[in-house]
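Number of protein chains: 2
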Amino acid sequence: MTQLEYALSGIVTKEMKTVAEYEGVDEEFILEGVKKGEIVIPSNINHKNLIPKGIGRGLSTKINANIGTSDAYTEIDKEIEKLNVAVKAGADAVMDLSTGGDINQSRRKILENSPVPVGTVPMYQAAVESISKYGSIVAMPEEFIFEVIEEQAKDGVDFITVHCGLTFESLKKLKDNGRVMDIVSRGGSFTIAWMLHNNKENPLYKHFDRLLDIAKKYDITLSLGDGLRPGCLEDATDAAQIQELIILGELVKKSREAGVQVMVEGPGHVPIDQIEANVKLQKQLCHNAPFYVLGPIVTDIAPGYDHITSAIGGAIAAASGADFLCYVTPAEHLGLPDKEDVKEGVIAAKIAAHAADIAKGVKGAKEKDLTMAKARKALNWNEQIKLSIDPDKAFKYRVNKNISTAKTCSMCGKFCAMKIVSEYLGTSATTC
Amino acid sequence: MTQLEYALSGIVTKEMKTVAEYEGVDEEFILEGVKKGEIVIPSNINHKNLIPKGIGRGLSTKINANIGTSDAYTEIDKEIEKLNVAVKAGADAVMDLSTGGDINQSRRKILENSPVPVGTVPMYQAAVESISKYGSIVAMPEEFIFEVIEEQAKDGVDFITVHCGLTFESLKKLKDNGRVMDIVSRGGSFTIAWMLHNNKENPLYKHFDRLLDIAKKYDITLSLGDGLRPGCLEDATDAAQIQELIILGELVKKSREAGVQVMVEGPGHVPIDQIEANVKLQKQLCHNAPFYVLGPIVTDIAPGYDHITSAIGGAIAAASGADFLCYVTPAEHLGLPDKEDVKEGVIAAKIAAHAADIAKGVKGAKEKDLTMAKARKALNWNEQIKLSIDPDKAFKYRVNKNISTAKTCSMCGKFCAMKIVSEYLGTSATTC
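Just so you know, the sequences run in chain order W and C. Residue numbering for the first sequence is 1 to 432, as defined by the working numbering. Residue numbering for the second sequence is 1001 to 1432, as defined by the working numbering.
Keep in mind the hints are simulated off the structure, nothing from the lab. Hints should not be assumed to be uniformly reliable.
As the list claims (entries may be wrong) - SDA-like mimics (lysine to any residue), calculated; alpha carbons at most 25 Å apart, straight line:
hint, chain 1, residue 1, chain 2, residue 2
1, W, K407, C, R1057
2, W, K414, C, A1072
3, C, K1017, C, R1057
4, W, K419, C, K1200
With these hints in hand, go ahead and build the complete structure from the sequences.
Structure follows, in structure tokens:
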């Protein structure tokens, strides 16, 4: 049985208990959330070393780090390093987006080493292997995508992105309305190419029931992908995007009816003033399914800094109700991230998630800031470093910019406001 | 005559013309904005090499970089390097916050080398020099702060932060209501210490007319500082902060009546869900004076990453109507920034400002993103790098992560969605 089916039967699973404990909420709250489909717990029955996390309404905002090989970088060991860096920096989930080298081996190694939920986009493997097996992506038999999904499911993948809403109906809206960037989703581009070449409907839409059967068997959570997500601000919130979202909303209902856990993916590239509307629209059209946003980045002109552009968008999205943020690294739009990029991306996304959790009133969020504020007021540097989102970086800055005996910091030095106020107002003790 | 007095007389100055041209708006629009006090053009009559910038309603969001020595780092040359880095990265203004070494010399060198408006906090120099001249900060004669202001004004400083709203009235609200962090403003802490020790009202409030006389003589723009700004999220939007803001609103009126340009400073540390309210409140209480926010950072727990926490807050603030963002560097809360920190801080603030300008509908803002989107769609890498907010960084990423002949990037490699879609959909040509 899936977590959703257990919840519908009123059974609190050990996964729900783990989630409740982590969030500091009642088990009943998790049970109810899962039952309504407002919370998902991606946890494939075959992912043995998993510590499950909950994603959805009322829980802390989660973040995902994308890792995986590409045809230019095929070493699996490098991806395991990135996995470890991501988990250490606080990633709540990772996606293995491998398209280069031995894709099965990559995924199995990542699953073996990952305590956090692992997601994939099965269409990537299906497309890449279609080239060697059948000569091209478009020559892929319908059967093959389901074989790949089943194989990945057996390995223990916890959630899969499936671009089921990319149909001739949504594609028509793209054609009728036009767009600057057309399609920027890799999975979306493979699907479209296949559909147009074969003049056949998207198999993941047409045979959605078959997908549900596999998902149910292994309790894979479906992450309904947005293959028509806009690739630039100019295309944001357009007809094609919203048409696809409407279809995804219909598939959310079907999934839940089948007892399959489901969440929905969203953009991408969105101007600040459209983010809240995107979140509200998704929540409404998709019946409060957990919302997984890819960034969003809030300007297109900052390659090299898209961890920052997406931290801005992610914070606003999560504060507006998004539940799950896919990180973006500084390498986005320029190349495959290395482990330093992965770390920067995870920390930026964690900052966005935490800042949003304060705004959302998530349990325990603002208390972290209060503890830090007290350590700062007391000029207690060891404590400040310990409480930092990245203690290593805070420590390095502290050591490199100050003499070791300094009680204040080198920005204000002896003119530290907190030191002066403590001395004159006597409102709190300055202890180091 | 000040820019405000010229505007009130209906005269379009060359400074207004420069601003109108830079913003791509009519001179009449600038004239009207300056006249109403909704736009300021900080431009001291003695700052000879200045290219004036406008700050305020309807204009692009401006950003400021703080530089200057501290008692731990006194080298002026390093500060000039930071000035150059900041201006190259796109800072619209700099503030010289020097408190170490030869403060007069620092300021003069910075003014000599700065094409952008230069601000200071005269109380810093007054306090530091009071120690050598009079034995302590609190022994400073009232006269001395005005002498320092006059001297800085003569040198050509374009705007000064003056904590005039820090009075016994606002201090009472701090005492009555309590706070975790008390006062974190350096200028605020000096002022409070002086007031309490001498049991005298803040001279910059009591003798505000005298301040106005100096400001008028040199056309210095007053930046009414928030000495009671909260130093942590827990203290945000509290009684002391708002009490001070009410007083600043009264002083805005007095300044305008005297023909003195004026803007108002705001927090600081603000949870995401309180930022918009802070901006609306300032605009209302301060009669639409340009709003200059210090960040705001949206969580306290990320020292080492406060350029990101403030980019989130700054973007939301500016999208809500703030006009001028003070950058925060990764070194904030840990030490004096070096030139790399300055660059990171400026770029993060520029991203926030630009993303907000798109939301605000500022002229020419979204067009930059559209141009980038077209270059990206065309896989035109030279053009993408040229259009980047930091071409050097984008170029380094591109070169380090890709082979020189690559038409796509190493993230997707041959599975680039844009390449595939162009080939199958034929919607646009892929040119490199």
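These are the hints, each one checked on the structure:
1. Taken as a hint, the K407/W and R1057/C pair is broken in the structure, with Cα atoms around 42 Å apart against an allowance of 25 Å.
2. A threshold of 25 Å between alpha carbons decides the hint, and for K414/W with A1072/C the separation of about 9 Å falls inside it, so the pair holds.
3. Using a Cα cut-off of 25 Å, the hinted pair K1017/C and R1057/C holds, with the two alpha carbons roughly 17 Å apart.
4. Straight-line distance between C-alpha atoms of K419/W and K1200/C comes to about 22 Å, which keeps the hinted pair within the 25 Å bound.
Consistency with the previously given hints fails for number 1 only.
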